[in-house]
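Engineer: Residue-level listing of the chains:
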Amino acid sequence: MKSLLLKTGLGAGVAMMLASAAFADTTLTIATVNNGDMIRMQKLTDDFTAANPGIKLNWVTLEENVLREKVTADISTKGGQYDVLTIGTYETPIWGKKGWLVPLTGVDKVDDLLPAIRGGLSVEGKLYASPFYGESSFTMYRKDLMEKAGLKMPDAPTWDFIAEAARKMTDRANGVNGICLRGKAGWGENMAFLGATSNSFGARWFDESWKPQFDQPEWKKTLQFYIDLMKDAGPAGASGNGFSENLALFQTGKCGMWIDATAAASFVVDPKASQVAANVGFTLAPDAGLGKRGNWLWSWALAIPAGTKQADAAQKFVGWATSQHYLELVASKEGWANVPPGTRTSLYANPEYQKVPFAKMTLDSINSADPTKPTVKPVPYVGVQFVAIPEFQGIGTKVGEIFSSVLAGQTSVDDGLKQAQAFTMTQMTKAGYIK
Amino acid sequence: MATRHSQGIARLAVAPAVIVLFLWMIVPLVMTIYFSFLRYNLLNPDMDGWAGFSNFYYFITDESFPGAVFNTLALVATVIVASVAGGLGLALLLDQPFWGRGIVRLLVISPFFIMPTVSALVWKNLLMNPIYGLFAFLQQLVGITPLDWFAKVPLLSVAIIASWQWLPFSALIILTALQSLDEEQKDASAMDGARALSYFRYIVLPHLARPITVVILIETIFLLNIFAEIYVTSVGGLAGNLTYLVYFQGLLNFDIGEASAGGLIAVVLANLVSIFLVRIIGRNLEI
Amino acid sequence: MARQTSPQRKLIVTLIAWTIGILMFWPILWTILTSFKTEQDAVLMPQLFSTGWTFENFGIVQERSDYLRFAMNSIILAFGSTLLGLVFAIPAAWSMAFSPSKRTKDTLLWMLSTKMMPPVGALLPIYLIFKDYHWIDQHIPVLVIMFMLNLPLVIWMLFTYFKEIPVDILEASRMDGAGVWQELTRVLAPMALPGIASTFLLNVILAWNEAFWTLKLTDVHAAPLTVFIASYSSPEGLFWAKLSAASTMAIAPILILGWFSQKQLVRGLTFGAVK
Numbered sequence: 001m002k003s004l005l006l007k008t009g010l011g012a013g014v015a016m017m018l019a020s021a022a023f024a025d026t027t028l029t030i031a032t033v034n035n036g037d038m039i040r041m042q043k044l045t046d047d048f049t050a051a052n053p054g055i056k057l058n059w060v061t062l063e064e065n066v067l068r069e070k071v072t073a074d075i076s077t078k079g080g081q082y083d084v085l086t087i088g089t090y091e092t093p094i095w096g097k098k099g100w101l102v103p104l105t106g107v108d109k110v111d112d113l114l115p116a117i118r119g120g121l122s123v124e125g126k127l128y129a130s131p132f133y134g135e136s137s138f139t140m141y142r143k144d145l146m147e148k149a150g151l152k153m154p155d156a157p158t159w160d161f162i163a164e165a166a167r168k169m170t171d172r173a174n175g176v177n178g179i180c181l182r183g184k185a186g187w188g189e190n191m192a193f194l195g196a197t198s199n200s201f202g203a204r205w206f207d208e209s210w211k212p213q214f215d216q217p218e219w220k221k222t223l224q225f226y227i228d229l230m231k232d233a234g235p236a237g238a239s240g241n242g243f244s245e246n247l248a249l250f251q252t253g254k255c256g257m258w259i260d261a262t263a264a265a266s267f268v269v270d271p272k273a274s275q276v277a278a279n280v281g282f283t284l285a286p287d288a289g290l291g292k293r294g295n296w297l298w299s300w301a302l303a304i305p306a307g308t309k310q311a312d313a314a315q316k317f318v319g320w321a322t323s324q325h326y327l328e329l330v331a332s333k334e335g336w337a338n339v340p341p342g343t344r345t346s347l348y349a350n351p352e353y354q355k356v357p358f359a360k361m362t363l364d365s366i367n368s369a370d371p372t373k374p375t376v377k378p379v380p381y382v383g384v385q386f387v388a389i390p391e392f393q394g395i396g397t398k399v400g401e402i403f404s405s406v407l408a409g410q411t412s413v414d415d416g417l418k419q420a421q422a423f424t425m426t427q428m429t430k431a432g433y434i435k
Numbered sequence: 001m002a003t004r005h006s007q008g009i010a011r012l013a014v015a016p017a018v019i020v021l022f023l024w025m026i027v028p029l030v031m032t033i034y035f036s037f038l039r040y041n042l043l044n045p046d047m048d049g050w051a052g053f054s055n056f057y058y059f060i061t062d063e064s065f066p067g068a069v070f071n072t073l074a075l076v077a078t079v080i081v082a083s084v085a086g087g088l089g090l091a092l093l094l095d096q097p098f099w100g101r102g103i104v105r106l107l108v109i110s111p112f113f114i115m116p117t118v119s120a121l122v123w124k125n126l127l128m129n130p131i132y133g134l135f136a137f138l139q140q141l142v143g144i145t146p147l148d149w150f151a152k153v154p155l156l157s158v159a160i161i162a163s164w165q166w167l168p169f170s171a172l173i174i175l176t177a178l179q180s181l182d183e184e185q186k187d188a189s190a191m192d193g194a195r196a197l198s199y200f201r202y203i204v205l206p207h208l209a210r211p212i213t214v215v216i217l218i219e220t221i222f223l224l225n226i227f228a229e230i231y232v233t234s235v236g237g238l239a240g241n242l243t244y245l246v247y248f249q250g251l252l253n254f255d256i257g258e259a260s261a262g263g264l265i266a267v268v269l270a271n272l273v274s275i276f277l278v279r280i281i282g283r284n285l286e287i
Numbered sequence: 001m002a003r004q005t006s007p008q009r010k011l012i013v014t015l016i017a018w019t020i021g022i023l024m025f026w027p028i029l030w031t032i033l034t035s036f037k038t039e040q041d042a043v044l045m046p047q048l049f050s051t052g053w054t055f056e057n058f059g060i061v062q063e064r065s066d067y068l069r070f071a072m073n074s075i076i077l078a079f080g081s082t083l084l085g086l087v088f089a090i091p092a093a094w095s096m097a098f099s100p101s102k103r104t105k106d107t108l109l110w111m112l113s114t115k116m117m118p119p120v121g122a123l124l125p126i127y128l129i130f131k132d133y134h135w136i137d138q139h140i141p142v143l144v145i146m147f148m149l150n151l152p153l154v155i156w157m158l159f160t161y162f163k164e165i166p167v168d169i170l171e172a173s174r175m176d177g178a179g180v181w182q183e184l185t186r187v188l189a190p191m192a193l194p195g196i197a198s199t200f201l202l203n204v205i206l207a208w209n210e211a212f213w214t215l216k217l218t219d220v221h222a223a224p225l226t227v228f229i230a231s232y233s234s235p236e237g238l239f240w241a242k243l244s245a246a247s248t249m250a251i252a253p254i255l256i257l258g259w260f261s262q263k264q265l266v267r268g269l270t271f272g273a274v275k
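Residue numbers (our numbering), protein chains in the order written: chain A, 1 to 435; chain B, 1 to 287; chain C, 1 to 275.
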């Protein structure tokens with residue numbers, strides 16, 4: 001037994017080392033996130049390698065949080081492990097400013113990019129990451145359930161309407177929850193939703209002198225509203241639900257409404273994956289009459305780290321993956337509804353794409369988000385559902401954990417806000433923002 | 001038997017392993033101690049210089065710190081109690097003659113082979129999910145509102161997953177020990193009532209003291225730093241242990257200074273636990 | 001079995017044992033069953049079996065990630081690190097068992113205590129060293145880390161096993177005029193082999209399932225199945241069946257190895273606890 005195992009092990013080892021010695025001329029290592037659009041791109045890369053025979057692609061596909069850990073560790077230590085990174089509108093301005101990213105030169109028709117998205121990925125006019133897809137958030141709802149509740153969804157709903165509708169739609173005996181919202185802890189999970197929502201309630205993360213604002217009434221209103229609504233009309237286990245969990249719930253008909261990423265739209269109207277595909281309506285994210293809506297702005301984008309030795313090949317690849325040609329390639333193979341959304345003006349001008357049911361609402365949502373003026377009151381930061389400072393990952397996740405535990409019923413709203421205030425205060429003091 | 005010559009060879013034989021382990025311990029340790037006194041954040045290279053004891057101060061005064069220490073110890077204790085008690089029961093059962101013993105033994109030890117990440121994912125999504133999970137379905141069958149495991153009883157949920165993984169290990173070790181008892185003595189276990197009980201109390205249990213000590217030792221080593229189960233089920237905010245807190249500072253905040261300080265505090269805690277353990281082992285396990 | 005058991009009793013024990021066995025195995029069985037369902041069936045609870053068995057999930061998983069490469073890396077890392085561990089541990093454990101000194105006990109306990117260090121604390125130093133020497137995602141350096149990780153346990157297991165080997169036999173064979181080599185191959189090896197085999201298997205299992213260091217220190221070339229599963233931990237929408245398929249693929253090799261070698265595994269798994 002043992003000697004057999006031994007031989008297998010050694011044999012395999014030798015074979016592996018020989019195999020890894022045989023490389024093509026240039027190998028690009030691409031770190032990417034495991035979402036549907038990125039996976040689809042991996043399948044379509046033959047189109048790229050056929051045009052660039054000297055370039056071989058290696059994929060590191062990871063879950064969002066693991067990806068972020070590895071990419072951040074690599075770039076901040078100048079590791080040079082990856083040639084192309086998948087990062088978001090949060091990292092790009094910070095890293096671009098530090099000189100950790102190579103300015104992009106090979107991007108197809110830069111002026112065609114949606115201004116809001118392009119702005120979020122640029123530092124002083126230079127584009128540091130090319131958007132693969134862009135998203136805002138909006139309200140998805142079940143037309144049939146809305147009708148059953150005797151209500152009509154307005155084009156621009158208020159939070160009061162959403163709350164009323166959610167409570168009326170809830171029918172827990174039949175497994176229907178009026179509303180599904182994110183509750184899983186994480187700055188990119190529940191805090192993306194709560195951060196954007198708090199903007200519409202007039203709250204802000206920091207005042208002009210970087211003092212945390214969780215002790216202010218606006219935050220209390222936001223959190224109380226969210227907790228009450230979820231208690232009355234949310235699904236069981238909400239404190240563990242992130243984007244993908246809620247998507248599954250909505251697809252299986254367990255949610256009346258769902259306020260989340262516009263990128264979810266193509267999944268909920270796909271009859272192969274969604275049992276409610278025929279009954280989904282889309283409308284803007286709600287507001288509270290203060291002039292800001294609760295929708296965020298995000299883009300997964302491709303960037304090139306300054307440490308790469310294959311910058312030229314990487315530029316070529318980023319150019320290809322975010323080009324108009326790529327959109328057409330996806331459309332020809334998978335249909336227009338599956339094209340990565342939210343990056344190019346020309347896509348929304350395309351009459352074929354306008355037929356997609358969520359196209360207009362996505363564009364309107366993206367255009368109505370303003371990362372440079374995200375809140376009702378003035379703030380010293382940019383970013384709608386995040387604060388573009390390096391410390392935010394830690395702070396956002398911790399505050400997300402606290403709010404998630406409030407949702408789980410382990411902490412009261414007041415205690416939660418107090419803890420969030422204290423933690424953020426300490427972190428900001430430690431980092432030198434508050435003297 | 002131990003002549004001076006053979007003593008020399010013996011030292012020589014131990015040396016490579018000792019040197020390797022010493023390096024493995026000392027290099028990261030020295031670097032960690034050094035980092036723990038620095039202002040060192042990967043995301044903020046402009047901040048540098050000596051930090052004095054401030055990293056330690058921030059880590060200890062973090063409001064999650066006392067909870068994390070408690071969770072660390074509570075997890076170790078719960079899982080050990082559950083897996084030793086369950087393992088003992090399982091071992092006694094598997095030691096009985098019955099049909100299909102070999103197959104049942106395979107079924108029972110299987111959880112030990114499963115990656116912690118996979119078992120956490122499976123328990124989280126397929127079993128404990130309050131809507132799609134198997135437990136929720138069973139609870140609904142008997143008319144109970146499904147329990148939202150990771151929200152309501154996060155620490156217990158993690159402990160259940162870990163106990164499931166470690167139960168086979170303790171069952172196997174205890175079973176091996178049981179089977180080394182004399183067959184003749186064992187016949188007594190087939191007897192009923194008081195004699196069987198006192199047999200168990202005075203013969204079996206003392207015989208099992210050593211294997212149980214070993215189980216406790218090995219499981220403590222692994223459970224002190226349990227991470228995948230907490231990370232995957234995302235209960236870090238509710239039931240995070242020290243390892244999770246260090247992870248939070250190191251890989252979310254990228255505050256290497258504070259993470260290093262936290263790591264050192266975790267080492268101190270681990271050493272306290274191990275001193276405690278060594279005292280029991282010293283009594284139970286002659287080396 | 002010389003024991004007398006009444007058939008009723010045996011029947012009852014059989015029922016209880018099977019119930020518990022199936023309960024313990026249920027999460028694994030459920031995962032395997034789910035992996036053959038369609039996504040829609042996977043979330044319908046009352047259904048034990050799928051309406052239509054499908055291999056589709058495995059196909060999707062394979063299309064997304066090159067399973068064989070990950071599996072091969074798992075084999076290289078788990079077996080390689082364990083073999084390396086044995087090379088260092090056998091002489092060490094041997095000499096500690098047969099020529100113990102006053103410090104042997106302390107040495108052993110110290111070795112074990114190195115395993116109590118929280119890996120997150122040591123990650124950055126190791127990561128920086130790896131980065132400087134371009135070791136990230138290289139087989140040998142990652143293998144060496146895993147070797148050091150499990151070395152204390154390998155030594156401990158072997159030590160406790162060797163300790164059980166009666167010294168008298170050694171002395172007897174010496175009196176017969178056997179040389180060191182003969183002593184080693186004829187007398188000791190047969191007695192030590194079960195312990196070595198069991199140590200080997202236990203550590204292959206532990207190394208196979210090591211998910212912290214492998215995840216941080218590998219990307220593509222050296223990435224084992226723990227990295228493979230990390231790309232399935234939260235995909236989009238309905239993913240129970242695909243997750244189950246990926247899980248099944250990640251655990252199958254080690255589960256099968258464990259089943260086939262459980263006798264050898266158990267034999268030495270006493271840690272000196274059995275007299």
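Calculated directly from the structure, the hints in this document are not laboratory data.
From a predicted model like this one, the values you see are computed outputs, not experimental measurements.
No residue lacks a Cβ here, since even glycine has one placed at the ideal position from N, Cα and C.
Treat the hints with care, as some may be off.
Stated by the list, open to error - Here are the simulated distance ranges between beta carbons:
#1 C:Thr19 <-> A:Lys143: 45 to 55 Å
#2 A:Lys56 <-> C:Ala252: 28 to 38 Å
#3 B:Gln7 <-> C:Ile129: 27 to 37 Å
#4 C:Ile129 <-> A:Gly291: 47 to 57 Å
#5 A:Asp171 <-> B:Gly52: 51 to 61 Å
#6 A:Asp25 <-> B:Arg11: 38 to 48 Å
#7 A:Lys78 <-> B:Gly89: 27 to 37 Å
#8 A:Lys435 <-> C:Leu44: 17 to 27 Å
#9 B:Pro16 <-> C:Gln8: 51 to 61 Å
#10 B:Val27 <-> A:Lys126: 33 to 43 Å
#11 B:Val27 <-> C:Arg103: 51 to 61 Å
#12 C:Ala189 <-> B:Gly89: 53 to 63 Å
#13 C:Thr19 <-> A:Ala173: 30 to 40 Å
Engineer: None of the hints should be skipped; say for each whether it holds.
Structural biologist: Outcome of the hint check:
Range check, Thr19 of chain C to Lys143 of chain A: about 48 Å between beta-carbon atoms, so the 45 to 55 Å window is met. Distance hint check: the CB atoms of Lys56 of chain A and Ala252 of chain C are about 30 Å apart, consistent with the given range 28 to 38 Å. The supplied range of 27 to 37 Å is met by Gln7 of chain B and Ile129 of chain C, whose beta-carbon atoms lie about 35 Å from each other. A beta carbon spacing of about 53 Å between Ile129 of chain C and Gly291 of chain A agrees with the range 47 to 57 Å that was offered as a hint.
Distance hint check: the CB atoms of Asp171 of chain A and Gly52 of chain B are about 60 Å apart, consistent with the given range 51 to 61 Å. Judged by the Cβ atoms, the range 38 to 48 Å given for Asp25 of chain A and Arg11 of chain B is violated: they are separated by roughly 53 Å. At about 55 Å, the CB distance of Lys78 of chain A to Gly89 of chain B disagrees with the hint of 27 to 37 Å. Range check, Lys435 of chain A to Leu44 of chain C: about 59 Å between beta-carbon atoms, so the 17 to 27 Å window is missed.
A C-beta distance of roughly 59 Å is found between Pro16 of chain B and Gln8 of chain C, which places it inside the suggested range of 51 to 61 Å. Between Val27 of chain B and Lys126 of chain A, the C-beta spacing of about 41 Å keeps the proposed range 33 to 43 Å intact. Under the hint 51 to 61 Å, the C-beta atoms of Val27 of chain B and Arg103 of chain C, about 23 Å apart, miss the expected range. Range check, Ala189 of chain C to Gly89 of chain B: Cβ separation about 38 Å, and the 53 to 63 Å hint is violated.
For Thr19 of chain C paired with Ala173 of chain A, a C-beta distance near 33 Å keeps the hint of 30 to 40 Å intact.
The earlier numbered hints that this structure contradicts are 6, 7, 8, 11, 12.
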